[in-house]
Amino acid sequence: MGIITTRGLTKTYGDKAAVKNLDLDITEGQVFGFLGPNGAGKTTTIRMMLGLIKPSSGSAEIFGLDCTKDPREIHKRLAYVPGESNLWGSLTGKQTLELLSSLHGKVDSAYQANLVERFQLDPSKRVRAYSKGNRQKLLLVAGLSTRSDVLLLDEPTSGLDPLMQEVFRSVVLEAKERGQTIFLSSHTLSEVEVLCDLVGLLRNGELIEIGTLEEMRHLSALTYQITFAGAPIDLSKVENVKRVVVEGHRVSCELAGTPTALMQALANANVTKLVAHEASLEEIFLSHYGS
Amino acid sequence: MSTGLVITKHFLKERRMVAAALGWMVAVVSISTVYAYRTAYPHLTDRLRLSASFSHDAGIAAVFGPAHSLETVAGFTAFRSLAVIPLIIGIWAALTATKALRGNEDTGQWEILISAPITRRAATLAALRGIYLSLTMTLVIGSVALSATALISHDFKVSAALFFALALVSSGYLFASIGAVASQLVSTRRTAATITGLVIGLSFLIRAVADSSPSIAWVHWFSPLGWITSTAPLTKSHWLGLSLVFATTIICTGIAITLSSNRDLTASLIPERISDTNGREIKSIPRLWVKLQGLNILSWGAGFFFMSFAFGLVAHGATQAFSGSSTIQKTFGALGITKMSELFFGIIFLMLSTGLMFAANSHAAAFREQEAEGYIDHLLVSPKSRTQVYLSRLLVSIVGLTFIALMAGFGAFSGSSLRTGDLGIKDALMAGLNMVPSAMVLFGVSLLVFGFYPRAVSIVGQSLLAWSFLLELIGSTLKLNHYILDTSFLHHMAFAPAASPRGGQNLLLLGIAVVLSLAGLVGFSRRDTALG
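Taken in order, these protein sequences are the chains called A and B. Everything in the first sequence is counted per this note's numbering, starting at 1 for the first residue and increasing by one. Everything in the second sequence is counted per this note's numbering, starting at 1 for the first residue and increasing by one.
For the record, the hints were derived by calculation from the structure and aren't laboratory data. Note that beta-carbon positions come from the ideal geometry of N, C-alpha and C, so glycine has one too. Since no wrong hints were added, every one of them can be taken at face value.
Under 8 Å between C-beta atoms, here's a sample of chain A residues computed to sit facing chain B:
#1 L50
#2 E98
#3 H104
If you want a taste of the chain A side facing chain B, the calculated C-beta under 8 Å gives, among others:
#4 L52
#5 I53
#6 K54
#7 R72
#8 K76
#9 P82
#10 S85
#11 N86
#12 L91
#13 Q95
#14 L99
#15 L103
Please model the entire structure based on the sequences and the hints provided.
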């Protein structure tokens, strides 16, 4: 059953569409990675799901409830962690956690204490005195400690150091094991690669690709690195070969489709080394957005 | 264009509208005083009586400053304008300087500016130059208008008018430079503004004490506001006070520039307490609003108390001055107002209600700021409804504004009790409460704008307030049509305590405020939240 569903979800500002005809189906317990360059419409989509802004057309539902009409009911079972957000500077970290927990109405206090310790957060400090990373930790602790059925995470690790990013990953994996559904918008591709079951790519407000990482890899080009004994042959005209980069005796290229033509071209060339590997998420990302 | 000039231009551009509005305020207040004085005191005998009663009242001198040549248009205009305008311009300049030099540092914008090829010292100087230039804009507008008045009315010379304009605006330069120093000493804009506010308050207090008795008049040399009143513009034009103002401005500017390069960015010379293990629990939205707005409400309440307390002290002398004007007695007698002490308090509460309306608009603007900066997203993504968030904010503002109004009433009663006891506690508190409906209507309008076009909350509220204030100031002098006068929010206020508060009309105003607020809620519930 779809926990998060959008149908034709569209948001326009004047004649510019921030999100266009977005269709998503995220099932219970799934971790969904929502990728796209800056300005692609990721945060706009999340804000529509939260009921903070209304769709121009189409619909978004969470738990089968309309995000525009029933945001309160949805929020009872959902936690949101923004990546860029202001917190009240005059409050301490402890006061902020108490406030956000009370507003949500549900918090696992023991787990919150555990998270405070794992994220190495000092809650006695005023928020004003926190670094950006510490403010982000505070938001993460507040959101994750609700143990909500759905977690909406909008670039949640921005500002965190690599050690804390690792803590974040382990915490999300624990949430996944508990069966929580996680909607993760992120620029940290390695994070998405490790955590997500399903990945959606957004460009100019449109969903251009959605699937598991494996499915995406199959759809994407293989990357070849070929080393020649002498001067490399010209592969740019070979069928299914693209993005040819020549560096001395080495050529790297991508192959989208059958390798027959490439193999034939290389048959008579003096190749000393040939390495092929599946595209990483970063390479998939770059192949969609790079140009 | 050099980086320093770009920064100067940026700060000048940000402040030019308010600076120009202040220039027009200088012009309107001063010019209307010239014509109001002529209308109210047309005969020399009236003027001499006014001068005699004002010049010898210690309370009047304490609140308004020393009175020179009140039997002349020039003397009275200088006396009335110096009591209010330097304070308003000084407060604005102090807030502007602390916002520019510490507020921008709080939000990280200063960091971006100084990452350009410019030193911290030069950047601080450039920012202050922008503020000083905006004050010069105020000065130029005021000077032109006052010079034109001098040429038309022949009540004072053009050179005296120019000196007068400089004296009125000089407090801006001075308190901006003091605000700049405070911004280097502490780590938040709010604390820097509070420190500068204390300096202004202390300055007022020292001047008031000094002017209340001729034997200690020399004490006013310890007060920057005392320096300004000592200039006696339009009549004597003494330069010594102004020289002290500008010398202090230069010294404080130099100190601020030096300190800015001798500390870490975002750090302060006075260390901040960053931990608080005993902070009270905040577990509900109303508690959050109280935490965020409480200090502001208490400060306004204290300010209103002390201001009305001071007016209560001087009520007796002012009443005698009113009694000396046959025109005033005739005008207000026709309205059924015969007790001049009540007339005085009626004017004071009318003036205070302008302040209360400003506070009301600033409450709506603060709510908008919480939305623009993304703070209320944290509340709206909880299971609380927008209605709960909105109504809880509304409730805190209503209680806060009513508290401020009651403090004004209590202050007037306390001050009056120490002198003559002309004002009873019940009348004083009722007069305070009588200010609330008009303020609530403006608050309602501001919330309506918040509901449908949130970015315009401040500008619409402040424009309506300025319009109302202007009509009250010049409406009767210019004998404007009542349809125009009715557009003033202040015009619908009963002249309490001189006239009894009109229950029916106040209920109607409160009803309008409720309707406007609910309409704002409808807009807020249906629209997208708007960041930035």
